[in-house]
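K.L.:
Protein sequence lines correspond, in order, to chains A and B.
Heads up: the first sequence at position 186 corresponds to 186 in the numbering used here, and the numbers run straight through without jumps.
Heads up: the second sequence at position 83 corresponds to 694 in the numbering used here, and the numbers run straight through without jumps.
Simulated from the structure, these hints should not be mistaken for lab results.
Remember, predicted model here, so these are calculated numbers, not experimental data.
For every residue, glycine included, the Cβ atom is placed at its ideal position computed from N, Cα and C.
Certain hints may be false.
[Claimed, not checked] Far from chain A by the CB rule (all over 12 Å, computed), these chain B residues:
#, residue
1, D639
2, P683
3, A710
4, L729
5, Q730
6, F901
7, R1017
[Claimed, not checked] Once the Cα atoms are required to be at most 35 Å apart in a straight line, the calculated DSBU-like pairs of lysine-lysine come out as:
#, chain 1, residue 1, chain 2, residue 2
8, A, K522, A, K444
9, A, K323, A, K119
10, B, K631, A, K104
11, A, K104, A, K208
12, B, K631, A, K395
13, B, K845, A, K231
14, A, K266, A, K231
15, A, K266, A, K395
16, A, K119, B, K631
17, A, K323, A, K231
18, B, K845, A, K119
19, A, K444, A, K104
20, A, K266, A, K104
[To be verified] Quick partial rundown of chain B residues pointing at chain A, CB under 8 Å, derived from the structure:
#, residue
21, R795
22, L870
23, A871
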Amino acid sequence: MLPDDIGLLAGIEIHQQIDSRRKLFCNCPTAMRVTSEHTGEFSRYLRATVSEMGEIDEAAREEMRDERLFTYYSYDTTCLVEEDDEPPTTLNEEALGICLQIAKTCLMTPVPQVHVMRKLVIDGSNTSGFQRTALVATDGTLPGGGLIETICLEEEAAQRVSDAIFSLDRLGIPLVEITTSPCMHSPREVRDVAEYLGMVLRSTGRVKRGLGTIRQDVNISISGGARVEIKGVQELDLIEEMVEREVTRQRTLLEIREELHRRDAKICEDAIDVSTLFAGTSSGILKNASCVLAVLLPGFGGMVGREIQPGRRLGSEISDYAKKCGVGGIFHTDELPAYGVTPDEVAALKEAAKAREDDCVIIIAADRQRAACAARQVTRRARYALLGVPEETRKMLEGGSTAYMRPLPGAARMYPETDILPVSISDARWESTVVPPLLTERAKVFTERYGLDEGLARQVAFSDRLPLFEEAVAAGIRPALAARTLLATLRELSRDNVPVDRIQDSSLIGALLAVEQGQAAKEALPDILSALAGGEEISTALGRLAPQVATADLDDIVARIVGERKAFVRERGMAALGPLMGIVMKEVRGSVDGQVVSKALKDAISRELSV
Amino acid sequence: MSSIESGDLVSCRLAGVERKATYITSRDSYAVVKLGSGYNVGVPFEWISRIGAQEIPAPAQILVSQDDSLPPLSIISTGGTIASRIDYRTGAVTSQFRAEDILTAIPRLGGIARFRTLQISSILSENMTPAIWQQLARAVYDEVAAGVHGVIVTHGTDTISYTAAALSFMLTTPVPVIFVGSQRSADRPSSDNMINAVCSAAVATSPLGEVAVVMHATSSDNSCAIHRATRVRKMHTSRRDAFASIGNRSLGHVAYPSLAVTLGVDVVHRGSHALSLRDGLEERCALVQFAPGMSPSVLEGLSGLKGLVIAGTGLGHVSSAWIPALKDLVAAGCTVVMTSQCLNGRVCDRVYDTGRDLLDIGVIEGEDMLPEVALVKLMWVLANTASLDEAALLMREDLRGEIAMRSAHAT
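Okay, chain B solo, but in the shape it has when bound:
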């Protein structure tokens, strides 16, 4: 049976009746076959015998012409799927990365811009690494240098905010760099991919000039929110409107279907910065979330670390039992930054004794930075500064909108 391949025509004896079927795959030691009705069933391998290979009709290619009068945009894929195709013969869903395929799947894109595409990786976003962030930053730099009016990066949603934040620090950009993903797979008619994609294209051609994440604003298909890359967080495992700007308002909205882009007053505008790339990252960094009773011995495994971000309790605390171990880390040259599990609000280690002890041993208050953003920033700052003092200074300074120097009363 090892000679059977997916898509082969087989004879399958089901309920005592021989019938033709298509072999799909092996699952839990069953042979999964697709019957003439389209249904898949699992049967013992003894029940099937191979008849032969099936001719695979080539998928119909639709010619897509691009409108040269429209602004050029670049779509860079990292693994998030903006478009996919289903093979109903085998049920396989394949991601589409070529411009023609994307435009075929989402024809409305063709009316917004003309596209060039680039695939730099094809991974689940939990498998993303700082090395790929760097590769992506270089690719975006090259595209912008080549003259595109904006870049769209498709990315799995789990870690999209890490990558977007990393690019914010590594790259200064005169044009929008828009990260987009989908919470529902692109193969389903209800997927949020299409609306997120066309909204991201609308933002990529807008007057915005910074790195942002564009995703559904509500559970309805009526608008997308534009989030600053250093303030965005995935706040729900599955909903379409999982992404939220924490601690400040989003940068703006895109109405759907009109695609009217509304930007807030404090956005960075197109052309405000010259293109530059500083893609160094210190990878020997970690993020640890403190919990009551957690032994300081967890820090022992972190020796050799150059940077540590702690997601502490409340105003930015860990138990006093951690102070000696943290002191050792700092003494060994590790930069330690305190953030809060509250996510909303500013760290202040000057109110309680434990906080003052933390400051005494050299822990840096991470202001109102999101823990993940503080981690990414620390990696970048450590690789791009000459001294730890300078690094400490930069960690408390707002570089890319990651820190709000004033805590405005959010309404």
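With the rest of the complex left out, here is chain A:
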């Protein structure tokens, strides 16, 4: 638990893919592909011009000035619009409609006229070098009274295949971005709000499901700390952990600052060349580098190696900054000797750097240009340590710790997308926008109307099989049977590696109807569904696994089985029912309901006993 007085302020940005038929600015389907299926490939440079750099700091400028070459994979489901070789179509009205539904659910007010903007993104994830985005509505309310600032409709970015290779299948899928104010004060609250907004989004029934289709960014600051934006939280379960770890990180950085001030710590701006010291080293990284530079941080001894989050030290932060220059990382004397660097080499390094007991020396191995760039980044991050917590955009790592990505964006670098006409949202359109019932409300209805217990009702409502459940119930299938089959039976089959996704909705409903109409025993459902998943036709599967058995036939079977086991029946009496049940059920092969068999068998045993 975190203490109350830390002054935690957190806000959320949720990005959710919309399940529209076509992309936001072209007529391609919103289908994700396997990258090995790509049918084309091309390479482009992205670059920012001087004016676009605005007030971006020196480090970002360094990063951006480089022309960077990116490779893109195209598919038979992508077109020239994704390739930035054709102007965009008009804004996808279907996606806008879904966005308005979400906005209305969140009690927001639409803007009278929507303008699409270009937001500069030159990390390669957008072929154009900008992301198209439009503000659709503002000022909504969270259940606890918190403010939802905005909802925007954006195009999804291309997916990174590896370092500089991107896949165009995802580029242009419509995305809603919901931004709350920094109105949350505890990790639990952050999780609750994320969960609530996720539920609102899914209530439309028109959003994509599955990993990567929803992403949360969280803004966090504590008293004395700084605003940090953490990108790409995909798992709800990790949000609380991540918020707690960020608070720990900021608090520890503040403690480090106090200690550094107490020691009167400094930064030596000039890196020294220590390449010759490591000429005969057994450390592969140092040996292979053409240049090794050292940066002296007086008073930083022990602080660089101090843990600030699980698995992360101040040294990790410094290393993140250095990596922006294309170096693999850094070594620091708080962690040496290690990595093949001997105690003698460390001693020689400290001597060459004129390091005292409580100083830290950081070394960088690369070619001269990169090493020099990385050394500047090291001193830059070290300077921030004297100030406390730097404002940053960070990315989440496995487990909930985070790493530095880039500085927080300054004044939004946005300008109008002149290729797309603005769209007016009339009062009539807003009034006719339907607010979908929330999934929580639907769960309540399922309990009240269908008698499902609360847990199952909620499971059904939040399941992506909800539309199928509603279709099944409408077709006359008992809600309990439908819910159990769709949630429990399918899940168990799937656990046994049955490819249940291949079962067509209509076949599934057909199988359930057969049970409802007494043509198949519900005990036979797992076998029938497995057969359907294996590609069998519904009629074949029913014929094979639930052949029609007339009541008279059943009586004959029961009479024969009891007749063959007279001694057993007389010996066991009614207790013979259990063992005989299994034998009869096997014989009728799932075509007669267990209760019917049980009754017939009971009658036959009674008759035998009364003879």
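Since the structure of chain A is provided, determine the placement of chain B on it from the hints.
P.N.:
Chain B alone, transformed into the frame defined by chain A:
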């Protein structure tokens, strides 16, 4: 509200909340304002009230020094944008024409040459006129006469091939005159402007000695193609590699990023011709594309025309219903040249009856000239020859690589 100007600070009541915004413009009777977040929204004018003017910070000027040891090149702008600047306050994108601004936007140019710049017009290329072609030809002549090693002309891509062809005829040049444009606007980080620009500078300093168009060779940013001005055509509305040499191979390629220029064997080399200018153009010329069933009455509107290029079907045909009307035109002193809608291949009006009829009435076979190039050539030939017979002769002669006398089997 008429007193509001773009860039003014306004108070905007959105969703019942007053917020500060920047007024941008009026669109479909809405006031477009930029909110603090950078987003633009359109709101009714009643929702905003002017607070005051905003101080506009002057754009930071970066001093650019040019390397005097490099060859001098001239950049002449006609309206195509080689560089632009975005004002994030208003979202306005402005084209940059001064050498310093271009070099600031495309620093790599500074390592290829030293530049002087000249802007002769600022128009969309569909608004280009023969009068501006002439003005441009004179400007290029002056620059070459002043001693530059090459000229780069920035031009909108829609009609770049017309202008380039026109300069080919009006000017003989000892140095490369390179036309360049971009298919994606210069404000976007993915624009093809930068690579096209540095590749054109590489060609402008190369051993080439003719007028050419330099644009992306593929959809990737890996090379530019050098097209002869009289053989190039825009063959796609939007792709980066829209330009193609029709009927012959391109003059060569520029590899990117190395900027290595590879020229073909049949290019005109630097210094092959002396500088000269014959800038007369007969503007009373037209290009008509024939379609089946098209009434010969369309030709009636063309009386008074001195030259007509027809883009005919196949080998160079129009329906026989056109023959009398064309005969009248020719009789009235109009030079009529036949080209083909096929674009690839040579016109031959000696194979079918209609063709022979066309030849009989005095229609000139335009060989394998592109229809647009034939038009530009006809305008120039008519203004620079003493007789129609001489004009007819020149129309069938290769002057600037516009006609291939042999139809080589292209591979």
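K.L.:
If a hint holds in the structure, say so; if it does not, say that too.
P.N.:
Structure-based check of all given hints:
The claim that D639 (chain B) lies off the interface is violated: its Cβ sits roughly 7 Å from the closest Cβ of chain A, which falls inside the 12 Å cut-off. For P683 (chain B), the non-interface assignment is confirmed: its Cβ lies about 24 Å from the closest Cβ of chain A, beyond the 12 Å cut-off. Listed as a non-interface residue, A710 (chain B) keeps its Cβ farther than 12 Å from every Cβ of chain A; the least gap is roughly 15 Å. The Cβ of L729 (chain B) sits about 22 Å from the closest Cβ of chain A, beyond the 12 Å cut-off, so the non-interface label holds.
Interface exclusion of Q730 (chain B) from chain A stands, the closest Cβ pair being 19 Å apart, more than 12 Å. Separation of F901 (chain B) from chain A is adequate, the least Cβ-Cβ distance of about 30 Å exceeding the 12 Å criterion. Listed as a non-interface residue, R1017 (chain B) keeps its Cβ farther than 12 Å from every Cβ of chain A; the least gap is roughly 35 Å. Taking the CA atoms of K522 (chain A) and K444 (chain A), the gap is about 27 Å. The hint holds against a cut of 35 Å.
A threshold of 35 Å between alpha carbons decides the hint, and for K323 (chain A) with K119 (chain A) the separation of about 25 Å falls inside it, so the pair holds. With a CA separation close to 24 Å, the supplied pair K631 (chain B) and K104 (chain A) stays within the 35 Å bound. About 19 Å separates the Cα atoms of K104 (chain A) and K208 (chain A), which keeps this hinted pair within 35 Å; it holds. Restraint check for K631 (chain B) and K395 (chain A): satisfied, since their Cα atoms lie roughly 32 Å apart, inside the 35 Å limit.
Between K845 (chain B) and K231 (chain A) the alpha-carbon distance is near 44 Å, which puts this suggested pair outside the 35 Å criterion. About 32 Å separates the Cα atoms of K266 (chain A) and K231 (chain A), which keeps this hinted pair within 35 Å; it holds. Between K266 (chain A) and K395 (chain A), the direct Cα distance comes to roughly 29 Å. Compliance with the 35 Å bound is thereby established for this hinted pair. For the suggested pair K119 (chain A) and K631 (chain B), the alpha carbons sit about 21 Å apart, so the restraint of at most 35 Å is met.
With a C-alpha separation of about 18 Å, the suggested pair K323 (chain A) and K231 (chain A) falls inside the 35 Å cut-off, and the hint holds. A threshold of 35 Å between alpha carbons decides the hint, and for K845 (chain B) with K119 (chain A) the separation of about 30 Å falls inside it, so the pair holds. This hinted pair checks out: K444 (chain A) and K104 (chain A) have alpha carbons roughly 21 Å apart, not beyond 35 Å. Distance check on the hinted pair: K266 (chain A) and K104 (chain A) sit about 54 Å apart at the alpha-carbon level, beyond 35 Å; violated.
Interface hint at R795 (chain B): satisfied, since its Cβ lies 7 Å from the closest Cβ of chain A, which is below the 8 Å cut-off. The interface hint given for L870 (chain B) is broken, as the beta carbon of that residue sits about 13 Å from the closest beta carbon of chain A, more than 8 Å. Interface restraint check: A871 (chain B) against chain A, minimum CB-CB distance 17 Å, threshold 8 Å, status violated.
Of the numbered hints listed earlier, those contradicted by the structure are 1, 13, 20, 22 and 23.
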